[in-house]
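Taken in order, these protein sequences are the chains called A and B. The numbering used here applies: residue 5 is where the first sequence begins, and numbers increase by one. The numbering used here applies: residue 156 is where the second sequence begins, and numbers increase by one.
These are calculated hints, taken from the structure and not from any lab test. Errors might be hidden in some of the hints.
Far from chain A, some chain B residues (derived; all Cβ distances over 10 angstroms) [stated by the list, open to error]:
(1) T158
(2) R159
(3) R160
(4) D166
(5) A225
(6) D226
(7) P265
(8) Q278
(9) R316
(10) S338
(11) Q353
(12) S369
(13) D378
(14) T395
(15) R408
Okay, the calculated beta carbon distance ranges per label pair [stated by the list, open to error]:
(16) B:E294 with A:G106: 30 to 38 angstroms
(17) A:E41 with B:R374: 51 to 59 angstroms
(18) B:R264 with A:A143: 43 to 51 angstroms
(19) B:A402 with A:R114: 49 to 57 angstroms
(20) A:I119 with B:T307: 50 to 58 angstroms
Think of the CB as a built atom: it goes at the ideal place given N, C-alpha and C, for glycine as much as any other residue.
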Amino acid sequence: MNPSKTVVIDYQTGNLNSACKSLRAVGADLLVTQQPEDLKSAARIVLPGVGHFASTERLTTSGIGDALRECVAEGVPFLGICVGLQWLFAGSTEAPDTPGLGVFPEVCERFPAGIKSPHVGWNSLEPLGESRLLAGLPASPYVYFTHSYRAPLINATTAVTNYGGAFSAVIERDNWMAVQFHPEKSGNIGLKILENFMKVSSC
Amino acid sequence: MLTRRIIACLDVSAGRVVKGVQFVDLIDAGDPAALAMRHAAGGADEIVFLDITATHEKRALLLDAVRRAADQIFIPLTVGGGIRSLEDAMQVFDAGADKVSVNSAALSRPELITEIGARFGEQAVVVAIDGRRNSGSTEAAQVYSSGGRKNTGLGVIEWARQAEVRGAGEILLTSMDSDGTRSGFDCELTAAVSAAVQIPVIASGGAGNVGHFSDVFTRGGADAALAASIFHFGIADARTLKEELAAFGLPMRLPC
C-alpha cells in the first residue's frame with residue numbers, strides 16, 4: 005500500500021508523456037499502470053486521453069472501469085482528461101458500439117457540421133458557479149483544446165466553453181472530476197488546474 | 156472565444172537552431188530547448204521544431220533537443236522534417252512531441268497520415284504543404300516536395316482535401332511565393348485552402364509586419380500563423396505581436 009501515489013492509467017493510446025511531466029511538475033509522485041489492482045493503492049487517479057473513443061474499450065475489458073468505480077466511491081479523487089472526460093458518459097457517437105463508464109447518462113457527440121473540426125487551439129473557460137479545479141484562476145482563462153467530439157451540459161458541469169454552441173469543459177461531481185481540454189498543454193493555467201486537483205481532498 | 160494562434164517556428168539543423176532569434180541574455184542562443192522556453196514565456200501559443208537537414212545521423216541530436224524542450228514547456232510542441240515512417244513519428248512522440256508534421260513522405264505515401272492518426276490520434280498529425288502558384292490563380296497552385304525542390308504536379312487545394320480525408324488534424328500551408336519576401340502571407344491561397352477543408356489551417360511564409368498577420372487572419376481565414384523570422388525585425392516577442400493584433404480586434408490569448 006502506498007497511498008501517496010498518483011496513479012496514471014495507461015491504456016496504450018497516444019502518449020502519456022505530457023500528462024506525466026506536468027503532473028510531476030506540480031509535485032505528483034506517479035505510478036503509471038495498465039493493471040486494475042494498482043488502483044487500490046492510489047491516493048489519486050488520473051486518466052489522460054487522446055485519440056479515438058473506441059480505444060477506451062480496453063478500460064472496460066481490463067477491469068479498470070470497475071476498479072475505478074470502487075476507488076472513487078471510496079473517496080479517491082479522479083481526474084479525466086479529454087477522452088478521459090468523454091468516457092465518463094454513457095458513450096459517444098464516435099464509437100456507438102463502445103459503452104462509456106456511464107457515470108453520467110448522456111452521450112457525447114460530434115461538433116455540428118459547418119464548423120471546423122477538430123476544435124484546435126486556445127479557448128476560454130466560462131465557469132458556472134463553484135469549481136475546485138478552477139480555484140484561484142483569473143476569470144475566463146484560456147486553455148488548449150484539441151477534439152472533435154464534446155460532452156453536453158449537465159448538472160455537474162462547472163465550466164463551459166463555446167464553440168459551435170456551449171459544451172462541458174469542466175465537470176465536477178464529488179470525487180469525479182474531468183476536463184475536456186489539455187491542462188498539460190495549457191501553460192501556467194493548466195499547471196495551476198493540476199495543482200488544484202492535487203490539493204482536492206476526497207469527499 | 157477560440158483565439159487565433161501565433162506559432163513560433165525554429166529551424167533546427169544537427170540539433171542547433173539556425174537563423175534563430177538572438178536573445179542577448181541567452182547563454183546558448185542556438186539551443187532549441189532554450190529558445191522554445193523563451194518563446195513559450197514570451198507568449199507563443201505553440202512551438203514548432205523544423206528539422207531542416209533531417210539526416211539519419213543527426214536525428215539523435217534533434218530527439219535530444221525535443222526531449223529537453225518537452226521537459227520544460229507546457230504548451231503544444233510540433234516536430235517536423237524527415238518524418239518518413241510511423242517509426243520516425245513514434246521516436247518523436249516518445250521524445251515528448253505532441254504533434255508531428257509530415258510533408259514529402261505523405262506525398263509519396265498518403266497512408267502515412269492515416270497510420271500516424273490511428274496510433275496517436277488525428278489531432279497529432281499536421282500535414283505540411285509547400286505550395287507555389289507564381290502569379291497564377293489559387294486553383295493553379297501546385298504542391299512541391301523535397302523541401303520545395305520538386306514539383307509534384309498536384310494541386311494545393313486538391314492535396315489539402317485529400318490530406319483531410321486521410322485524417323490530417325491540421326494543414327500547415329507554406330506559400331513558396333511569399334516565403335522570405337517579408338511582403339505578407341499569400342492570403343488568397345490561404346483563404347482558398349481554408350474554405351476547401353473543415354480542419355484548421357496554419358499559414359506560413361511572408362510575414363514582415365503585424366499587419367500581415369492581421370490580413371492572414373481576416374482576409375486569409377487562417378486559424379493560426381507561423382512566426383519565424385518576424386521576431387528579427389523589430390517585434391520583440393509573441394506577446395508584443397499579440398497585443399497589437401488584439402488591438403485590431405482579433406481574439407488572442409495574452410498570457411499571464
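Status of each hint after checking the structure:
Here T158 (chain B) does not stay apart from chain A, with its beta-carbon only about 5 angstroms from theirs, under the 10 angstroms limit. For R159 (chain B), the condition that its CB be more than 10 angstroms from all CB atoms of chain A is violated, with the nearest at approximately 8 angstroms. The Cβ of R160 (chain B) sits about 5 angstroms from the closest Cβ of chain A, inside the 10 angstroms cut-off, so the non-interface label is violated. With a cut of 10 angstroms on Cβ distances, D166 (chain B) stays outside the contact zone with chain A, its closest approach being about 23 angstroms.
With 10 angstroms as the threshold on Cβ separation, the claim that A225 (chain B) sits away from chain A is violated: the shortest Cβ distance comes to roughly 7 angstroms. Here D226 (chain B) does not stay apart from chain A, with its beta-carbon only about 6 angstroms from theirs, under the 10 angstroms limit. Separation of P265 (chain B) from chain A is adequate, the least Cβ-Cβ distance of about 19 angstroms exceeding the 10 angstroms criterion. Non-interface status of Q278 (chain B) relative to chain A is broken: a Cβ of that chain comes within 10 angstroms, the nearest being about 4 angstroms off.
Non-interface call for R316 (chain B) relative to chain A: holds, since the shortest CB-CB distance, roughly 14 angstroms, exceeds 10 angstroms. No Cβ of chain A approaches the Cβ of S338 (chain B) within 10 angstroms, the least distance being about 27 angstroms, so the stated non-interface status holds. Chain A draws Q353 (chain B) into its interface by the beta-carbon criterion, the shortest separation being 6 angstroms against a cut-off of 10 angstroms. Every CB of chain A is more than 10 angstroms from the CB of S369 (chain B) (nearest about 17 angstroms), matching its label as outside the interface.
Consistency note on D378 (chain B): stated as away from chain A, yet its beta-carbon is not over 10 angstroms from all of that chain's, at 7 angstroms minimum. Distance to chain A confirms T395 (chain B) as a non-interface residue, since its nearest Cβ pair spans about 18 angstroms, more than 10 angstroms. With 10 angstroms as the threshold on Cβ separation, the claim that R408 (chain B) sits away from chain A is violated: the shortest Cβ distance comes to roughly 4 angstroms. The beta-carbon spacing between E294 (chain B) and G106 (chain A), approximately 50 angstroms, falls outside the hinted interval of 30 to 38 angstroms.
The hinted window of 51 to 59 angstroms between E41 (chain A) and R374 (chain B) holds, with their beta carbons roughly 58 angstroms apart. Taking 43 to 51 angstroms as the suggested C-beta distance range, the pair R264 (chain B) and A143 (chain A) conforms, at roughly 48 angstroms. Checking the proposed 49 to 57 angstroms range against A402 (chain B) and R114 (chain A) shows it is violated: the Cβ atoms sit about 35 angstroms from each other. For the pair I119 (chain A) and T307 (chain B), the supplied restraint of 50 to 58 angstroms is violated, since their beta-carbon distance comes to about 31 angstroms.
In summary, the numbered hints that this structure violates are 1, 2, 3, 5, 6, 8, 11, 13, 15, 16, 19 and 20.
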